[in-house]
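Just so you know, we're using numbering that gives the first Met the number 0 here: the sequence shown kicks off at 0 and counts up by one.
In case anyone wonders, no lab produced these hints; they're calculated from the structure.
Here the structure is a predicted model, which means the values were calculated and not measured.
Quick reminder that beta carbons are idealized off the backbone N, C-alpha and C, glycines included.
Keep in mind that a hint or two might mislead.
[Stated by the list, open to error] Here are the simulated distance ranges between beta carbons:
no., residue 1, residue 2, range
1, Ala46, Ile85, 42 to 52 Å
2, Met12, Ala80, 35 to 45 Å
3, Asn72, Val32, 24 to 34 Å
4, Leu149, Glu8, 47 to 57 Å
5, Gly119, Tyr168, 44 to 54 Å
6, Val32, Glu8, 18 to 28 Å
7, Leu40, Thr141, 37 to 47 Å
8, Val91, Pro162, 28 to 38 Å
[What the hints assert, rightly or not] Keeping only pairs whose Cα atoms sit at most 20 Å apart, straight-line, the calculated SDA-like set for lysine to any residue is:
no., residue 1, residue 2
9, Lys161, Met30
10, Lys161, His151
11, Lys161, Phe83
12, Lys129, Leu139
13, Lys161, Arg78
14, Lys161, Pro144
15, Lys161, Asn104
16, Lys161, Gly150
17, Lys129, Ala176
18, Lys129, Leu148
19, Lys67, Arg31
20, Lys129, Gly119
21, Lys161, Ala176
22, Lys161, Ala92
23, Lys161, Asp130
24, Lys67, Asp35
25, Lys67, Leu156
26, Lys67, Met30
27, Lys129, Ser173
28, Lys161, Ala80
29, Lys129, Gly111
30, Lys161, Ala172
31, Lys161, Ile70
32, Lys129, Ala177
33, Lys129, Ala172
34, Lys67, Leu37
35, Lys129, Ile175
36, Lys67, Ala77
37, Lys67, Leu157
38, Lys161, Ala171
39, Lys67, Gly81
40, Lys129, Gly81
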Amino acid sequence: MATQMRQTETRTMAWYMYAQIPIIGRMAVEMRVHGDPLAILPSARRAVQEMEPRLPLIRPMTQRTQFKLTISNQLLFARLAGFFGILALVLVATGLYGTLAYRVNLRTAEIGVRMAMGAGRGQVVWMVLKDSLALTFVGLATGLPLAMLLGHALASLLYGVKPMDGLSYLVAASGIAAMAPAASVDPLVALRTD
0 MATQMRQTET RTMAWYMYAQ IPIIGRMAVE MRVHGDPLAI LPSARRAVQE
50 MEPRLPLIRP MTQRTQFKLT ISNQLLFARL AGFFGILALV LVATGLYGTL
100 AYRVNLRTAE IGVRMAMGAG RGQVVWMVLK DSLALTFVGL ATGLPLAMLL
150 GHALASLLYG VKPMDGLSYL VAASGIAAMA PAASVDPLVA LRTD
């Protein structure tokens, strides 16, 4: 029957003189403490000064801080990518809104004539929405597969997001699709033109 190693048992370790370390002039020391790790720092400084008064403690830090420093570039890249992704979504939504509003504006006279001939507000709104939604869905049908393809190509650069993250695609598609109904025309404005 195999016995499990208890926490108090010692592990095999190799000790080298400081002068034998390949990176000359640099030494890292790790300490395991109970409670606040920075609270033991004054005692550690005194112990080092007793051994060698000329030896300074440079950048003492916790392992959590060390971990954050090692992934800081990846976190910065992830935050920048997220920011630029949201900026791209806003720019696409703004451009789509402008395009749809322009298309509706071109049809203002037609809409006024249709309403003067007895078309109801619901029919006019559906006519405008149908064209706007068709244009939006053509864009989504083209853009989503390209985004998925590029997501797989850039998978190694993604941090915290999978290439096929359904929530990200859903939020982006919903944000763009929400712009289609926004580009509508006021029937009274349509009746007053020409």
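How the hints compare with the structure:
A beta carbon spacing of about 50 Å between Ala46 and Ile85 agrees with the range 42 to 52 Å that was offered as a hint. The hint said 35 to 45 Å for the Cβ distance between Met12 and Ala80, and at roughly 42 Å that hint holds. The hint said 24 to 34 Å for the Cβ distance between Asn72 and Val32, and at roughly 29 Å that hint holds. For the pair Leu149 and Glu8, the beta carbons lie near 52 Å from each other, so the given range of 47 to 57 Å is met.
Distance hint check for Gly119 and Tyr168: the Cβ-Cβ separation is about 36 Å, which falls outside the suggested range of 44 to 54 Å. For Val32 and Glu8, the hinted distance range of 18 to 28 Å is satisfied, since their beta carbons lie about 20 Å from each other. At about 58 Å, the CB distance of Leu40 to Thr141 disagrees with the hint of 37 to 47 Å. Hint check: Val91 to Pro162, Cβ distance near 20 Å, so the stated range 28 to 38 Å is violated.
Restraint check: the Cα-Cα separation between Lys161 and Met30 comes to about 36 Å, which exceeds 20 Å; the hinted pair is violated. For the proposed pair Lys161 and His151, the alpha carbon gap of about 9 Å is at most 20 Å, so the pair holds. Using a Cα cut-off of 20 Å, the hinted pair Lys161 and Phe83 holds, with the two alpha carbons roughly 17 Å apart. For the given pair, Lys129 sits about 15 Å from Leu139 by alpha-carbon distance, which is consistent with the 20 Å threshold.
Using a Cα cut-off of 20 Å, the hinted pair Lys161 and Arg78 holds, with the two alpha carbons roughly 15 Å apart. Of the supplied pair hints, the one linking Lys161 and Pro144 holds, its CA atoms being roughly 15 Å apart against a limit of 20 Å. The hinted pair formed by Lys161 and Asn104 fails the criterion: a straight-line CA distance of about 41 Å is larger than 20 Å. Taking the CA atoms of Lys161 and Gly150, the gap is near 8 Å; set against the 20 Å cutoff, the hint holds.
A threshold of 20 Å between alpha carbons decides the hint, and for Lys129 with Ala176 the separation of about 12 Å falls inside it, so the pair holds. The suggested pairing of Lys129 with Leu148 is violated, with an alpha-carbon distance near 29 Å, which exceeds 20 Å. The hinted pair formed by Lys67 and Arg31 meets the criterion: a straight-line CA distance of about 19 Å does not exceed 20 Å. Taking the CA atoms of Lys129 and Gly119, the gap is about 15 Å. The hint holds against a cut of 20 Å.
A distance of roughly 23 Å separates the Cα atoms of Lys161 and Ala176; the hinted pair therefore is violated under the 20 Å criterion. At most 20 Å may separate the alpha-carbon atoms for a hinted pair to count; Lys161 and Ala92 exceed this at roughly 24 Å. Restraint check for Lys161 and Asp130: not satisfied, since their Cα atoms lie roughly 34 Å apart, outside the 20 Å limit. With a C-alpha separation of about 18 Å, the suggested pairing of Lys67 with Asp35 holds against the 20 Å cut-off.
For a cut-off of 20 Å, the pair hint linking Lys67 to Leu156 stands: about 18 Å separates their Cα positions. Using a Cα cut-off of 20 Å, the hinted pair Lys67 and Met30 holds, with the two alpha carbons roughly 18 Å apart. At roughly 17 Å between alpha-carbon atoms, Lys129 and Ser173 fall within 20 Å of each other, so this suggested pair holds. The hinted pair formed by Lys161 and Ala80 meets the criterion: a straight-line CA distance of about 14 Å does not exceed 20 Å.
Between Lys129 and Gly111 the CA atoms are separated by roughly 18 Å; this keeps the pair inside 20 Å, and the hint holds. At roughly 17 Å between alpha-carbon atoms, Lys161 and Ala172 fall within 20 Å of each other, so this suggested pair holds. Restraint check for Lys161 and Ile70: the C-alpha separation of about 18 Å stays at or below 20 Å, so the hint holds. Note on Lys129 and Ala177: the hinted pairing holds, with a Cα-Cα distance of about 13 Å set against a maximum of 20 Å.
The suggested pairing of Lys129 with Ala172 holds, with an alpha-carbon distance near 17 Å, which does not exceed 20 Å. Restraint check for Lys67 and Leu37: satisfied, since their Cα atoms lie roughly 17 Å apart, inside the 20 Å limit. Between Lys129 and Ile175, the direct Cα distance comes to roughly 15 Å. Compliance with the 20 Å bound is thereby established for this hinted pair. For the proposed pair Lys67 and Ala77, the alpha carbon gap of about 14 Å is at most 20 Å, so the pair holds.
About 18 Å separates the Cα atoms of Lys67 and Leu157, which keeps this hinted pair within 20 Å; it holds. A threshold of 20 Å between alpha carbons decides the hint, and for Lys161 with Ala171 the separation of about 15 Å falls inside it, so the pair holds. For the given pair, Lys67 sits about 19 Å from Gly81 by alpha-carbon distance, which is consistent with the 20 Å threshold. Between Lys129 and Gly81 the CA atoms are separated by roughly 32 Å; this puts the pair beyond 20 Å, and the hint is violated.
In summary, the structure is inconsistent with hints 5, 7, 8, 9, 15, 18, 21, 22, 23 and 40 from the numbered list given earlier, while agreeing with the others.
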